[in-house]
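> In case you want the letters, here they are:
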Amino acid sequence: MRISLRRVSASPVLRGGFLPQLQVQPCQRRYAFQAAGAPVFDVFNRKTKWLQRERAASDVETSRRADYLRDEVAARLCERLLDIKRDWPKALDFGANSCNLAWALTKKNPDPDPAKPVSAPLSTKIGELVAADSSQTMLYRDADSPFNDEINITRHVLTDQESMPFEAGSFDLVMSNLSMHWINDLPGVLAEINRVLKPDCPFIGAMIGGDALFELRTSLQLAEQERKGGISPHVSPLADVRDVGGLLQKAGFKMLTVDVDDITVDYPDTFALMHDLQAMGESNAVLGREMGALSRDVLLANDAIYRELHGNEDGSIPATFRIIYMIGWHESANQPKPLPRGSGNVNLKDILER
Amino acid sequence: MKPPRPIEKFAQAVGKCSAEAAVYGKCVVEDYNSVHKDKCAKEFLKLKDCYLAAAKGKR
Chain A
1 MRISLRRVSA SPVLRGGFLP QLQVQPCQRR YAFQAAGAPV FDVFNRKTKW LQRERAASDV
61 ETSRRADYLR DEVAARLCER LLDIKRDWPK ALDFGANSCN LAWALTKKNP DPDPAKPVSA
121 PLSTKIGELV AADSSQTMLY RDADSPFNDE INITRHVLTD QESMPFEAGS FDLVMSNLSM
181 HWINDLPGVL AEINRVLKPD CPFIGAMIGG DALFELRTSL QLAEQERKGG ISPHVSPLAD
241 VRDVGGLLQK AGFKMLTVDV DDITVDYPDT FALMHDLQAM GESNAVLGRE MGALSRDVLL
301 ANDAIYRELH GNEDGSIPAT FRIIYMIGWH ESANQPKPLP RGSGNVNLKD ILER
Chain B
1 MKPPRPIEKF AQAVGKCSAE AAVYGKCVVE DYNSVHKDKC AKEFLKLKDC YLAAAKGKR
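These protein sequence lines map, in sequence, to chains A and B. Per full-length UniProt numbering, residue 1 is the first one in the first sequence, and the count goes up by one each step. Per full-length UniProt numbering, residue 1 is the first one in the second sequence, and the count goes up by one each step.
Any given hint could turn out to be false.
[To be verified] For the chain A half of the interface with chain B, some residues (derived, Cβ under 10 Å), not all of them:
id, residue
1, 86
2, 299
3, 307
4, 344
5, 345
[As the list claims (entries may be wrong)] In the DSS-like style, the derived pairs of lysine-lysine whose C-alpha atoms are separated by at most 30 Å in a straight line are:
id, chain 1, residue 1, chain 2, residue 2
6, A, 250, A, 85
7, B, 39, A, 228
8, A, 337, A, 90
9, B, 26, B, 16
10, A, 198, A, 125
11, B, 56, A, 90
12, B, 2, B, 37
13, A, 47, B, 39
14, A, 47, B, 56
15, A, 250, A, 47
16, A, 250, A, 228
17, A, 337, A, 250
18, B, 39, B, 26
19, B, 48, B, 37
20, B, 56, B, 39
21, B, 16, A, 228
22, A, 228, B, 42
23, B, 37, B, 9
24, B, 2, A, 228
25, B, 42, B, 26
26, B, 39, B, 2
27, A, 254, A, 228
28, A, 85, A, 47
29, B, 2, B, 26
30, A, 228, B, 9
31, A, 125, A, 349
32, A, 125, A, 108
33, B, 46, A, 228
34, B, 48, A, 228
35, A, 198, A, 250
Bear in mind the hints are in silico, worked out from the structure with no lab data behind them. Glycine included, each C-beta is placed from N, C-alpha and C at the ideal position.
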């Protein structure tokens with residue numbers, strides 16, 4: 001039996017007195033149950049992120065000028081591709097941004113080794129590249145550039161940055177260049193990437209992680225603490241190197257390689273840094289952030305603190321982008337595997353003591 | 001030619017106050033484990049006055 005006390009709001013009859021009204025509800029039986037599946041934690045506002053990227057890409061010139069980081073990382077990702085002596089009939093660029101990877105794949109003579117003869121661009125080894133991204137404006141920004149003629153590229157607009165509308169086992173290679181740090185459900189997306197790969201095919205990705213932009217994070221915290229007496233998140237929480245290894249393993253990838261690369265870029269002042277982040281479409285989209293722009297007072301304080309805490313001697317300020325590269329392979333029967341436990345025939349102690 | 005964004009004007013004016021900014025920055029960073037509200041209010045007001053003067057001079 002449930003009895004609830006309800007206070008009736010001031011009606012003309014009851015005005016003046018706050019008479020609690022007793023209400024008896026019929027018996028109800030409810031079942032307690034747990035929500036099915038693993039809980040999904042939302043960290044970023046997808047709508048905001050999508051809007052920011054659409055807006056950033058609609059200003060074509062500014063957006064192109066801020067592509068230096070993506071172009072550089074795309075080139076470094078392609079260097080990793082050189083180590084795999086294979087052809088890829090069908091490849092996916094997941095979270096393609098403005099197809100920076102496609103541009104990097106068409107670079108002439110990609111092998112930096114001077115001892116080797118001039119090598120053909122990597123795009124000749126790729127049958128078809130599917131570039132998928134949720135932001136249409138950003139995806140099609142460079143659709144008229146000359147590199148499109150040198151690679152067989154199909155652009156695919158995703159309904160959501162985290163969706164994977166492809167059939168299982170349909171790709172020989174999946175790449176991702178600097179977009180996975182905005183994904184809420186990273187374990188789920190990695191498992192999806194593993195699903196669309198054929199057996200014994202690699203996923204090669206780069207994402208921002210670790211202590212990236214720690215200078216901006218710390219100086220904004222100090223500035224807000226001093227000016228307003230409290231802080232709100234301005235730099236995203238990021239995955240760390242050891243998290244990425246665990247996530248890849250959990251998603252079922254085999255033969256993992258994870259490594260880190262720090263790229264430090266110098267800017268004239270903090271406003272130039274923030275302007276470029278905005279032009280990349282990388283503005284803050286953390287859920288629960290303070291709405292509206294940063295106040296001028298905080299910006300003024302932030303510039304002074306950033307310079308004092310991290311500034312270079314020549315008056316410029318450094319910003320560190322930590323890039324995590326990951327390689328994982330879809331499981332296959334003919335892959336080298338660790339031997340089962342206890343199957344060793346030689347005692348390692350004998351060899352080491354000899 | 002597009003007109004400059006307000007933030008660009010702001011950045012230019014702030015750039016003229018590096019001396020005051022250094023004083024304020026040193027004050028905050030000096031003991032950055034115990035920063036509280038208005039710890040360096042005096043230094044900040046000097047910085048802001050300088051910025052306001054620089055911004056006014058521009059126009």
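> Hint compliance check: list the failing hint numbers for this structure, sorted ascending.
Those not satisfied are hints 1, 4, 5, 11, 12, 13, 14, 16, 24, 26, 27, 28, 29, 31.
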